[in-house]
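Protein chains in written order, with this note's numbering: chain P, 111 to 572; chain F, 127 to 407.
Treat the hints with care, since some could be wrong.
[As the list claims (entries may be wrong)] Heads up, simulated BS3-like pairs for lysine-lysine below, C-alpha to C-alpha not over 27 angstroms straight-line:
no. : chain 1 : residue 1 : chain 2 : residue 2
1   : F       : Lys360    : P       : Lys521
2   : P       : Lys376    : F       : Lys391
3   : P       : Lys463    : F       : Lys153
4   : F       : Lys387    : P       : Lys376
No lab work stands behind these hints, which were simulated from the structure alone.
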Amino acid sequence: MADMSLKKYEMPHQNAKVRSSNFKEVALGYTEETAMKEANRCLQCKHKPCVAGCPVNVQIPEFIKLIGEGDFEGACEKIKETNSLPAICGRVCPQESQCEQLCVRAKKGEAVGIGRLERFAADWFMENRQDNTECTIRNGKKVAVIGSGPAGLTCAGDLAKKGYEVTIFEAFHVPGGVLMYGIPEFRLPKALVQKEIESVKQLGVNIMTNMVIGKVLSLDELVEEGFEAIFIGSGAGLPSFLGIPGENLNGVYSANEFLTRINLMKAYKYPEADTPVRVTKNVAVVGGGNVAMDAARCAKRLGAENVYIVYRRSEEEMPARIEEVHHAKEEGIILKILSNPTRIIGTEDGWVKGMECIEMELGEPDASGRRRPVPKEGSEHVLEVETVIMAIGQSPNPLIKSTTPDLETQKWGGIIVNEDTGATSKEGVYAGGDAVTGAATVILAMGAGRKAATAIDEYLSR
Amino acid sequence: MYRIVKKRILNPTVKLMEVEAPYIAKKAEPGQFIMLRVSEDGERIPLTIADYDRQEGTVTIIFQEVGKTTRLLGELEQGDSILDFAGPLGVASHLGGYKKAAVIGGGLGTAIAYPQAKKLHELGAEVDVIAGFRDSSLIILEKELEQVSSRLFIATDDGSNGNKGFVTDVLDKLIKEGNQYDLVVAIGPLIMMKMVSLLTKPYGIKTIVSMNSVMIDGTGMCGGCRVTVGDQTKFSCVDGPDFDGHMVDFDEAMRRQTMYKGQEKQSLEAHICRLGGAFNG
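Sequences are here, hints too, so could you generate the full structure?
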């Protein structure tokens, strides 16, 4: 008989006051006992609505059943059949709008804590078992994967399992892409990301770092080097700015730069790590997505007293996960909603001293279905800040496109693909993840990587 | 890991290294740069490619020991390896089609101006090289520059090589003497590139400068290297590093260069402390 309690079993968190000054993980994970209790809330539905909500089709009821039986190793192996990065997904997937949204339990009360259970199984495995995956026998066919973020890792892992000789080309000095440079340590510990990447390598995937494809080698040169198919998972690395006056003042960051300094280059450990980051008493983060929340919470942890999220619509319209907004507020981040920056004001020597904003009100719905924010005339006011972080979106990096004229892209840079296969306009070249969609989620990128791996396998088996 | 196959000390604080990086060597062109990292938890810094040998598979870098990372790099010896080395980044300089060029290097900038002079020379242009240094002990690459130039002028701020003056003085004199340059390439400190650009503007001589901005990735990701060119914001790493000197907002660039001054000094001092206080830079 299933446990019919309406709420999920609590997962312990670091106290908000304490955590807002450290970079340790916020959510602490279930114990074995709580995990088994939570697993018992699953009704083991025959029609498995949750699985349909998962871009990589994790066999959810099955792995939860194994947890309920205390077979944690089996549970993790079950997840790994379709998801090579479970510890990451358990932490950063927006389960509330995917698997958990479709959970029958959510009709009355809270959904089963699928994400928490996935995380539990993956963490348990990492702590208690060695990854002994044996390499599949190689079929001698070489595939190149560009980018080692969630899309690339998934595509590479799937292809290696099918016997292909896969090489991932990563531009940075460490693999992981946005998992390393974008998502902060306190949401996704980097040591854990590297462990999951290790298990992808165990499948036989070769990773070459410091290889900026589009510069050091073009796609055509990869073909000359013997790669029979290519997957582009180069992400959305190009930061957007608002184009308002004062954006080049000292103290204005793109969220990409701010987060990369802190996460990838470990500026939070400065001077122990060499890369500095400059955080002042008052910080404004412009934007309402997960990246904005991450930047704001990093700024707080680095000692900023007042951190504002400046967003032109209302809180309900924020694209960030509700949980992230909630965590940010708990940590003392101040939301300045219905507010839009008009210019950044500098001191005589060119450092930020304030940001002028105008109040907004919501008008008629726009193309996105959300009510369009309209400026209230004469409502300009100045927010006193010395640091401004622009978190208003990223678009795909043009480095590959610029050296591959026959690769078709959207005007805004997204690579054009066949939605079912990930095939691009160039024969044998596939793409997926943020490089195609613009900035989205880890799991959607993984889903795209998986789909492309299947299509590449079909293409090369022809 | 990228092995250092040759190391040369050019002056007390400037060193040259030939680094094994066959993929980069195959593609590198004058004007492009690499990003390197010397240690775990170390910074990523951009360095211009000073030369390359496609056959040997090596890339030459020349650097001045100004901060912690360049000092750590300088401590490496022939046979040691550099942890990370990525490139070639940035857009290669467009150097074809010129008849007579003046290539100007200021201090370490001379090392970066060298491949440009060499390329222009190979492409058949008449090349006058003007190199400026604080004093004669800092002069670098004199022999190399002689080989790729029609005429080489070396000026020192203090006159210790017998030719006192700034590079702008030399250029001004050459222009006034009637040398008809159709291109000026100026590489060095921002203030020098600004002065050269101001000088050539009234003459309408096309002037290319190379921006060495603060950056993290070098691939267009961070936007830290923003520079205003005309009325547009450009990224030095992917749109440059070469820009039209008459369009660059040098004052903004000089201001942006000071963003981490305090912290850079702190890092260096901490590093020197660990070394036992020997500081002769």
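How the hints compare with the structure:
1. F:Lys360 - P:Lys521: 19 angstroms, holds
2. P:Lys376 - F:Lys391: The hint holds at about 18 angstroms.
3. P:Lys463 - F:Lys153: Violated - the C-alpha atoms of Lys153 of chain F and Lys463 of chain P are around 44 angstroms apart, more than 27 angstroms.
4. F:Lys387 - P:Lys376: Holds, because 19 angstroms separates the two Cα atoms, which is no more than 27 angstroms.
Going down the numbered hints, you'll see the structure goes against just number 3.
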